[in-house]
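Taken in sequence, the protein lines are chains A and B. Taking the numbering used here, the leading residue of the first sequence gets 268, the next gets one more, and so forth. Taking the numbering used here, the leading residue of the second sequence gets 268, the next gets one more, and so forth.
Don't take every hint at face value.
Copies of the same chain are indistinguishable here, so a pair counts whether it falls within one copy or spans any two.
Simulated crosslink set (SDA-like; lysine to any residue; CA at most 25 Å straight-line) [as the list claims (entries may be wrong)]: (1) 271 / 511; (2) 412 / 519; (3) 453 / 492; (4) 271 / 554; (5) 271 / 285; (6) 271 / 492.
In short, the hints are calculated from the structure, not lab data.
The residues making up each chain are set out below.
Number of protein chains: 2
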Amino acid sequence: MSTKLIVQKYGGSSLNSPSRIRAVAEKIAERARGDTRVIVTVSAMGRSTDDLIKLAREITPHPPQRELDMLLTVGERVSMALLSMALNEIGCPAISFTGSQSGIVTNVSHTRALIEEIRPDRIRRELDGGKVVIVAGFQGVSRSKEITTLGRGGSDTTAVALAAELGAAQCEIYSDYPGVFSADPKLVPAARPIPRLGYDVMLELAVLGARVLHYRAADIARRYGVPLRLLSSFEDGDGTRVGEEVSMETANATSVTCNRHITLVRVVGEGSELDRFCQSLGETDIQVLIYDKARDGGRARLILVVDARDAEPLAAVIEEGGNRGLTVDTPDDQATVSVVGSGFACNARAIARFERVLAGAGIATTAVKSTPQSMTAVVPLARCRRAVEVLHAAFIEAD
Amino acid sequence: MSTKLIVQKYGGSSLNSPSRIRAVAEKIAERARGDTRVIVTVSAMGRSTDDLIKLAREITPHPPQRELDMLLTVGERVSMALLSMALNEIGCPAISFTGSQSGIVTNVSHTRALIEEIRPDRIRRELDGGKVVIVAGFQGVSRSKEITTLGRGGSDTTAVALAAELGAAQCEIYSDYPGVFSADPKLVPAARPIPRLGYDVMLELAVLGARVLHYRAADIARRYGVPLRLLSSFEDGDGTRVGEEVSMETANATSVTCNRHITLVRVVGEGSELDRFCQSLGETDIQVLIYDKARDGGRARLILVVDARDAEPLAAVIEEGGNRGLTVDTPDDQATVSVVGSGFACNARAIARFERVLAGAGIATTAVKSTPQSMTAVVPLARCRRAVEVLHAAFIEAD
Chain A
268 MSTKLIVQKY
278 GGSSLNSPSR
288 IRAVAEKIAE
298 RARGDTRVIV
308 TVSAMGRSTD
318 DLIKLAREIT
328 PHPPQRELDM
338 LLTVGERVSM
348 ALLSMALNEI
358 GCPAISFTGS
368 QSGIVTNVSH
378 TRALIEEIRP
388 DRIRRELDGG
398 KVVIVAGFQG
408 VSRSKEITTL
418 GRGGSDTTAV
428 ALAAELGAAQ
438 CEIYSDYPGV
448 FSADPKLVPA
458 ARPIPRLGYD
468 VMLELAVLGA
478 RVLHYRAADI
488 ARRYGVPLRL
498 LSSFEDGDGT
508 RVGEEVSMET
518 ANATSVTCNR
528 HITLVRVVGE
538 GSELDRFCQS
548 LGETDIQVLI
558 YDKARDGGRA
568 RLILVVDARD
578 AEPLAAVIEE
588 GGNRGLTVDT
598 PDDQATVSVV
608 GSGFACNARA
618 IARFERVLAG
628 AGIATTAVKS
638 TPQSMTAVVP
648 LARCRRAVEV
658 LHAAFIEAD
Chain B
268 MSTKLIVQKY
278 GGSSLNSPSR
288 IRAVAEKIAE
298 RARGDTRVIV
308 TVSAMGRSTD
318 DLIKLAREIT
328 PHPPQRELDM
338 LLTVGERVSM
348 ALLSMALNEI
358 GCPAISFTGS
368 QSGIVTNVSH
378 TRALIEEIRP
388 DRIRRELDGG
398 KVVIVAGFQG
408 VSRSKEITTL
418 GRGGSDTTAV
428 ALAAELGAAQ
438 CEIYSDYPGV
448 FSADPKLVPA
458 ARPIPRLGYD
468 VMLELAVLGA
478 RVLHYRAADI
488 ARRYGVPLRL
498 LSSFEDGDGT
508 RVGEEVSMET
518 ANATSVTCNR
528 HITLVRVVGE
538 GSELDRFCQS
548 LGETDIQVLI
558 YDKARDGGRA
568 RLILVVDARD
578 AEPLAAVIEE
588 GGNRGLTVDT
598 PDDQATVSVV
608 GSGFACNARA
618 IARFERVLAG
628 AGIATTAVKS
638 TPQSMTAVVP
648 LARCRRAVEV
658 LHAAFIEAD
C-alpha cells in the first residue's frame, strides 16, 4: 500500500482555546483517514510565549538564555499534549513529541538556534504504527543535550524542515491568513489572492514583512523543493501553493508588502567613530534588515533597519555612539514598503517608477534600495497604508 | 531503451579556432555514443561579438536595436555551422538550429530579451532521429517573428533554459574555469575548489561577479532545479556540481568574489534635484547592481554601482545632474568585493567582522551593504586583490 505523508503546522491563534483545539483535531483526524500519514507541528497556544517572556522579565531584566529556552519550551508542550488528548478522544491514535524527542538537532545558539540535522527515527516508528505524530514546533536540542529554541517563526521552520527531511508530499501551513495576496486585503480591498507562487518570491516576501510564513521556513522550502500550501485554519479555500517557478523568465511585480514593526537608525559622523559604532553593533546578536554604510572622505553615514523587537539591545550602542559625537537619529514610527517580484528590479526604469509613484502620492522616503527581486523604501508609518495602496495600483492593478 | 539527455554549452574561448572546434567535436561525439542524447549550445567564436559591435559603431554611434540584433546573431551562426560540419566530418550526425528554429520565444526587448517560452518540437524530432542538435546560444525570436538577442550571458541562459524545458539529466557549462573556487585562484593561491554548491549561493556569486556562470542562467537553474555542472573545456576534472542545498540550516561563508568591471557613481545634493536625476536614470535601460538612496531633510545622496559597460548611457544623465547643481562624483578604478554564503549575513556580528578585516588591512571602503546571503564593499580597484586575500583568509581559511 502506498502511503502519502503530509506535514501540517498550526499557529498559536489556531490553538488558542480548547474548542479551537477540538476543531483542529477534527480536521486532522479526517485527513489521517485512509492511507495518508500526518505529522502535525504546533506552536504555543495564543500569545502564551509572550506571556512567558513577560514572566521572566518580571524576575530579571536579563534572564540567562539557557533558562529562557527551558522556560519557553513549555508553551508547545501544553498545546501538543492537549491536541494529542483531543485526537485520542475522538478515536484517532496520536502521540506528542518534544523537539528533542523528534530528533531536531540544533547548534548551541540559545533563543536563535539553527537546525543542523534531523534524526526522525521515533517519528518514523510511530507513523509506521499508524499514529498521528504531533511535534513541538520552535524547539530542538543541541549535541550536548541542551534544550534550544529556534527563535521567531520557529514553528514554521520546524514544519518545513521535517517535510524536507521526510520527503513529505506537502507541507501545509495553517494561520489566520487564507494564503498570500498581492497586498494585505485589510489595506487594499482590490488585493488579489495569489494561487501559485515561486519559492524565490515567497522568500523575498517573507524577508520583507509578509506574515504568512517565516523566512527561514521559506528558505528551507526553496532549498529542498518542499511543496508548500498556505491556508487559513478558520475558513475553507485553496490558499496559495508555493513551488517551483512557473514561467521561464519574467519581469513582473507579484505582491506589495510592508513591515510596520521596524526601527530605523540613521547615524552620521566622523568615519572612524562610525566604524567603532558598527563594531559595537557587532557585539549584539541583532538581525539586520537593512545595512547601508557610505563614506565620503572622513565623513560616513549608516542607514540601519532592524526588527522593532531588536531595538532594546540597540539602545546601549546608540547611547555610546551619541557620547562619542555621532549624530544618531532614530525617527519614531517608520515602516518599510516593498514591491516584490522577479526580474523587474535592479532595473533603473522600474526603480524610477517606484519612486515616482510614492512621490506622486506625497509620501516622503528616507531610504530607497533595490535587490534583483524587490524594491524597498523606508516611509513614515502613518503613510505606510497609502504607500501600499498606490504601489499596488501602479504595479499590480495597472499591469 | 532508456535514453538520457545532456545539454552542453561551449563559450567563445572554447571555439575560437578551427582546431578548438575540432577538439570540442571529438568530445561531443564521444559523449553522444551509446544512449546519451546531446544538445550543444554555442556562443560566437572568441571575441567575434565584440568585433561586430565595433563594426556597427563605425557605421553609427546609435545603431537601431533591431538591426543590432540582426547583426549580432551572425556570430553563433558561424560557430554552430562549423561545429556541425566538424561533427558530421567525424561520423557523428549533427544539425544546427538558430534560436528561432529552436523555438526560443522571447519578449520584444531587443538586445536584452527575456525568454518567455520554448517550443522545442524541431529539437525533439532531430534528437529522436539520433542527431546531436547544436543550438545557437544568446538568440531567440519574438511572437511577432523579430530576431532578438538575450544580452550578456545569453548562451548560458539558452543552455539552462533548454535543459529546464526538456528535463535534461544534466546541463554542463564548459568555460575557461574548472568550476567554482572559494576565491579566484589567480588572486588567492590557497583558494579551494568547491565540488558542490547550492543554487542560491551560485546565484548570489553570479550576481556579485563570479564569471563562471551568468546570473540569469543561475536563476533559471535554481527555479527549475536543473542539475548543473561547471567544467573547464581545456582540462579534465570534476568541476563544480550545482544543485539543491546539502545542509539544513547553515551559517557559513562559501566563497569570496569580486567585480572589477564596475562604475561607481556618488551623487549628493538637494533632494528634489536628486529625484530628477533618478528619473532621468530611469529613462535609460541600464542594469543597477547597487542602488542606495538616503534622504535627510532636504538633502539626499545616492550610491549607484553599475556594470562598467553601462557607463556610456550614464554619461548624459551625469552631465545633466552636474548642470543642475548636484555634486556627482564617479571615482575611477573602483571594484566590489563580496563574501557569499548562507545565513551568516544580515547578522551584525558577521558584518562587523567583514568591516574589521578590511580595515585591518588598511583597505578603505566607500560603501558596505549586506543581504541575507552576502556582504559587499566598494573598494579601490588597486586594493581589490588584497581585499579578496584577507577576506578569504578570515572567512574561508580560518573556519
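Going through the hints against the structure:
no., hint, in the structure
1, 271 / 511, "both (20 Å within a copy, 23 Å between copies)"
2, 412 / 519, "between (47 Å within a copy, 23 Å between copies)"
3, 453 / 492, "neither (31 Å within a copy, 36 Å between copies)"
4, 271 / 554, "neither (38 Å within a copy, 46 Å between copies)"
5, 271 / 285, "neither (29 Å within a copy, 56 Å between copies)"
6, 271 / 492, "both (17 Å within a copy, 23 Å between copies)"
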